[in-house]
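Participant: Here is what each chain is made of, one letter per residue.
Protein chains: 2
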Amino acid sequence: MVETRRQQIEDAASALFRERGYAATSVRDIAGALNIQGASLYAHVASKEELLWSIVERAAGRFEEAADRAATAGQGLGCLERMRALVRAHVAVVTDDPRLATVFVHEWRSLSSERRAEVLQRRDRYEARFRALIVEGIACRAFAPTDPALAATFILTALNGIATWYRPLGRLSAGRIADRYADLAARTLEGRPTS
Amino acid sequence: MVETRRQQIEDAASALFRERGYAATSVRDIAGALNIQGASLYAHVASKEELLWSIVERAAGRFEEAADRAATAGQGLGCLERMRALVRAHVAVVTDDPRLATVFVHEWRSLSSERRAEVLQRRDRYEARFRALIVEGIACRAFAPTDPALAATFILTALNGIATWYRPLGRLSAGRIADRYADLAARTLEGRPTS
DNA sequence: CCTACCGATCGGTAGG
DNA sequence: CCTACCGATCGGTAGG
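Heads up: the protein sequence lines correspond to chains A and W, in order. The first sequence begins at 1 in the numbering used here and counts up by one. The second sequence begins at 1 in the numbering used here and counts up by one.
Keep in mind that the hints were calculated from the coordinates and are not lab data.
Now the stretches of chain A that chain W is said to cover, found in silico as 3 or more residues with beta-carbon under 8 Å:
(1) 100-114
(2) 140-153
(3) 157-163
(4) 175-182
Note that CB positions come from ideal geometry on N, CA and C, so glycine has one too.
Sequences and hints are given; from them, build the entire structure.
Facilitator: What follows is the structure, given as structure tokens:
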């Protein structure tokens, strides 16, 4: 067992935050999932919000790293292929840990206003990768003309939605979902032969 | 002022539920928005959950009616045009009252399990309209072959996301957002000349 | 990691 | 719609 106690707490917390939301989850609920008393949690955690913050930060890091790897691996490829890789990378992070992804997508709203502002900035920087690639794709005529910000939001919202419904033993494997969603996102952007 | 007190309460509640979520909103918060005491709310409302339920039901009705109208108006048109109409109808409901839409999209999870099951069923029946139209579109080759359930979820999730970020005085008017999103959804499905 | 406990707030009721 | 109040639960601390 390599997982630290702190990590176990974050795992239990993110699972509960995903199911019920942050506000509806008590510290006693989290502790109960680990068979300890509510007060005992405070040996590992400064506050309930610090726990949320820690989970959100880790999730943000995962998405950023995955996008970095996709960008590095995609150097030299066309815009369409790079977008497909970016989408697949994002979906892989979501399906790899849907609890973490859900907290990043939804529950960050429960943070204090300063931390919320920081997450918003980080989310915007991440979304900007999608926007920039869309702008580039339109410029080189790989993508049809469209509002880049709106198209990026459209696609990213669709991808994030997977965190809500994905179940590891569902009809489609994580890999198939990633492939299908990459197809759908690509089609959303693709330019069609001059009409 | 035609709005009943009950309606004012539901409006205030859905605004707060949208901003903070159901669990993080107290009955005193809702009452405070109307400048009355928390206990006074119970002259108009049986319980906090009944209030949520009422809002969710109204929202569900709006989406269903809008889809009905779009289907009636679109009779005889091609699959692509009917899908565009369905998307525009959905987006119009969202932008017309983003508070209501957000509660329908997210906060229904806080309902008791029986009511939650009922909402889930109703949401699935609604999503089935999208699936059926996609199936039809693929059959008549207006749409490219794709997993209909996945494509419907992809598109609907993207549309619902508007409820989270839409602000009436934002960069794009409700009408422009509806048009752009109809374009994006159409492109997601459209078949491209045989490759 | 536990027991014992804190003040604050929660949804809701009684009785006007 | 108000005041007064209920038991339950909240996040968190003290002291071991």
